[in-house]
Amino acid sequence: MFGLIGHLTSLEHAQLVARDLGYPEYADQGLDFWCSAPPQIVDKIKVTSITGQQIEGQYVESCFLPEMLANRRIKAATRKIVNAMAHAQKHGINITALGGFSSIIFENFNLNQITQVRNIKLEFERFTTGNTHTAYIISRQVEQASKELGIELSKATVAICGATGDIGSAVCRWLNERTDVAEMLLIARDRDRLQSLQEELGRGKIMGLEEALPLADIVVWVASMPKGVEIDSTVLKQPCLLIDGGYPKNLGTKIQHPGVYVLNGGIVEHSLDIDWKIMSIVNMDVPARQLFACFAESMLLEFEKWYTNFSWGRNQITVAKMEQIGEVSLKHGFRPLLSF
Amino acid sequence: MPQLEASAALDFHSENYKDAYSRINAIVIEGEQEAYENYIQLAKLLPEHEEELIRLSKMEGRHKKGFEACGRNLQVTPDMEFAREFFAKLHQNFQDALAEGKVVTCLLIQALIIECFAIAAYNIYIPVADDFARKITEGVVKDEYSHLNFGEEWLKANFEASKEELEAANKQNLPIVWQMLNQVADDAHVLAMEKDALVEDFMIAYGEALSNIGFTTRDIMRMSAYGLAAA
Chain X
1 MFGLIGHLTS LEHAQLVARD LGYPEYADQG LDFWCSAPPQ IVDKIKVTSI
51 TGQQIEGQYV ESCFLPEMLA NRRIKAATRK IVNAMAHAQK HGINITALGG
101 FSSIIFENFN LNQITQVRNI KLEFERFTTG NTHTAYIISR QVEQASKELG
151 IELSKATVAI CGATGDIGSA VCRWLNERTD VAEMLLIARD RDRLQSLQEE
201 LGRGKIMGLE EALPLADIVV WVASMPKGVE IDSTVLKQPC LLIDGGYPKN
251 LGTKIQHPGV YVLNGGIVEH SLDIDWKIMS IVNMDVPARQ LFACFAESML
301 LEFEKWYTNF SWGRNQITVA KMEQIGEVSL KHGFRPLLSF
Chain U
341 MPQLEASAAL DFHSENYKDA YSRINAIVIE GEQEAYENYI QLAKLLPEHE
391 EELIRLSKME GRHKKGFEAC GRNLQVTPDM EFAREFFAKL HQNFQDALAE
441 GKVVTCLLIQ ALIIECFAIA AYNIYIPVAD DFARKITEGV VKDEYSHLNF
491 GEEWLKANFE ASKEELEAAN KQNLPIVWQM LNQVADDAHV LAMEKDALVE
541 DFMIAYGEAL SNIGFTTRDI MRMSAYGLAA A
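These protein sequence lines map, in sequence, to chains X and U. For what it's worth, the working numbering labels the leading residue of the first sequence as 1, then goes sequentially. For what it's worth, the working numbering labels the leading residue of the second sequence as 341, then goes sequentially.
Just so you know, the hints here were simulated from the structure itself, not pulled from any lab data. Remember, it's a predicted structure, so these values are computed and weren't measured experimentally. Among the clues, some could well be false.
[To be verified] Not everything, but these chain U residues come out facing chain X in the computed CB check (under 10 Å): (1) S354; (2) E355; (3) M543; (4) M561; (5) Y566.
[What the hints assert, rightly or not] Covered by chain X, according to a simulated footprint, are these stretches of chain U (three or more residues, beta-carbon under 8 Å): (6) 536-542; (7) 547-559.
Don't be surprised by glycine CBs; every beta carbon is placed ideally from N, CA and C.
In isolation and in its complexed conformation, chain U is listed as follows:
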């Protein structure tokens, strides 16, 4: 039986680590900022849930501040331009859906895909994070589950009417997630976050969300792996 190799200790202050962190940290900050804006905009489409959505939005704003502190703690300047470019496609798809009043697509992008992506990344990051960032991230990941839950509950209640649009939105947006993961795989590796673990955790979180909404195992296996092979 082969043995597990002991992983080398991470040097959080090495140039190599800080360079990779400048992009990963920026992605997280930008992700939280976009989530903050997206929930406010979603509140306009779902006025009956305005209070809840504004509450979620504020939480995302706090997360952003927490992650900014993580960057400062390591004396890293986040590469925000890289991060905005990184989210550009998903951002555009969300804005297009919003303009067309497509609540289901908006929820799939923000409340399912982005939240699951965040949950996967944070869960994989926690065991390899510096002490300061670990505490912040542990607090954040608990909140993110409640955001995922909002999307799940709404989509579950409107499952039959949403199914077709969810399938289409999944096809449109999931391949973008795989491209995003590929784009940061090398930087994530420097932070001791492995790509196959990230993909697996994303698929677990996303699969669970789809299952809670009402999809069958067969649907979930098809939908959650969509476009992965081509990525």
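Chain X with its partners taken away, still in its complex shape:
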């Protein structure tokens, strides 16, 4: 049994979904209510691999909302994540992906120090951030979508915004080792981390966002922020491939400029329909087939019975591990989303 811990994108979205699903007790409530709401298993999932193997999973709604971070309800935000993890464990789920902000909150607030939740001792080996698969999929999107747009990586400049994060640094490693990309621009807030990344890669230019954008043929957006960021699309090159690996995905609706191609990053398509309701709720274009790569990672771990926290900690994703998860991703019928 695999699990997915997810959350909705905003209070308004949560109210809408609660109404749609027929939970009026939750639909009309403000942020205070959601800060007190317990985790719930709201969807049962069946996935079939192209090998014919079938697995079952459960979707745990953590009731976390990004507004909790914006309104400094930090304790509530962290509680949502550990409570959802305890809930998943209590329900006997072998491997659970921490989707959306869940893994970011876990890392940022050092929730690995919390091992006891009520009468449950959290077993971290039952959880994965899913970041290895996400980083693999984004890297493959860079390679494959650039080819479709006629951008040659050997002549291209790739700007990675959020380069020092878990996913960002892994994408940098992949591009460095597995491609002949001409130039990498490293963008992040923390100067020290940027420098150690640059040292590790032995290349890459450290730059500010505004300075980097006009130079980039490809922009990989993997910064984690509770509020979106405005990008001035008029300064971008044409063509420019913009891979939006943030959450929630909103660059596509904000940036509509000829020659700028926005691709939803870290999204996979499965070859067969998945029996679930939850992806239509998070507004995927093809809800039965498209999903977050981090969620797909827990499915892959379940298919392969790799009951281990495959992606865990910060900045520990190696190219070898990306290749390992990439191999089983292909084997079971997942592929990177490539439609703009």
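Given chain X, work out where chain U should sit, using these hints.
What follows is chain U alone, placed relative to chain X:
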């Protein structure tokens, strides 16, 4: 990403803390006393479980003594009058149900609502308690799970016959729990126990109990949030 603010160290001997503690400690003592009496009375309605219920009752009596010691340790006199008033409505509803022989309602009030309320409060209290009280509370909370389990098991075995009465008893009593929580929110805050955490932990414990009894997720979300918005 915003940062978590370091919480200020609690001064367990400050007047402010002791004043709030005099009410919270009293509530806990009164809660354990009422639980002690309620299980004895339940034994009359469920004679086949008398031995088990008397055992649970005795446990509650021991808990009460433990919490009295916590108050003495901080040199706090519990405000028992406040506590009796605090439990008055739930107490009355239990007594009314008992008089009518309504086992299901009695179990919902004592073995589910009060136990879940206690489990939530104790779990939130443990990380912010003084050393003496922490040890006592850790021991108590383990016992409370077994009391919750008694109610769950009985109601699970009699689920179909109990369902309607459980729904009605939930409607009657859950709004009272929210009022009780609101009434102590300020005092609990002084003890570094946040109201939204208390509500969440109550809903988790109560939701799990309802799930074990046989209710669906949909029922649980409806029942466990009943009356919260109006509170």
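The hints, checked one at a time:
1. With a least beta-carbon distance of about 22 Å to chain X, the hint placing U:S354 at the interface is violated under the 10 Å criterion.
2. For U:E355, the interface hint is violated, since its Cβ never comes within 10 Å of a Cβ in chain X; the closest pair sits about 26 Å apart.
3. Interface hint at U:M543: satisfied, since its Cβ lies 4 Å from the closest Cβ of chain X, which is below the 10 Å cut-off.
4. The interface hint given for U:M561 is met, as the beta carbon of that residue sits about 5 Å from the closest beta carbon of chain X, less than 10 Å.
5. With a cut of 10 Å, the hint placing U:Y566 at the interface with chain X holds, because the nearest CB-to-CB distance is about 7 Å.
6. Counting residues of the stretch 536-542 of chain U whose C-beta lies closer than 8 Å to any C-beta of chain X gives 5; at least three are required, and the coverage claim holds.
7. Residue count for the stretch 547-559 of chain U with a Cβ under 8 Å from a Cβ of chain X: 4. That meets the three needed, and the coverage hint holds.
Of the hints listed earlier, those the structure fails to meet are numbers 1, 2, in rising order.
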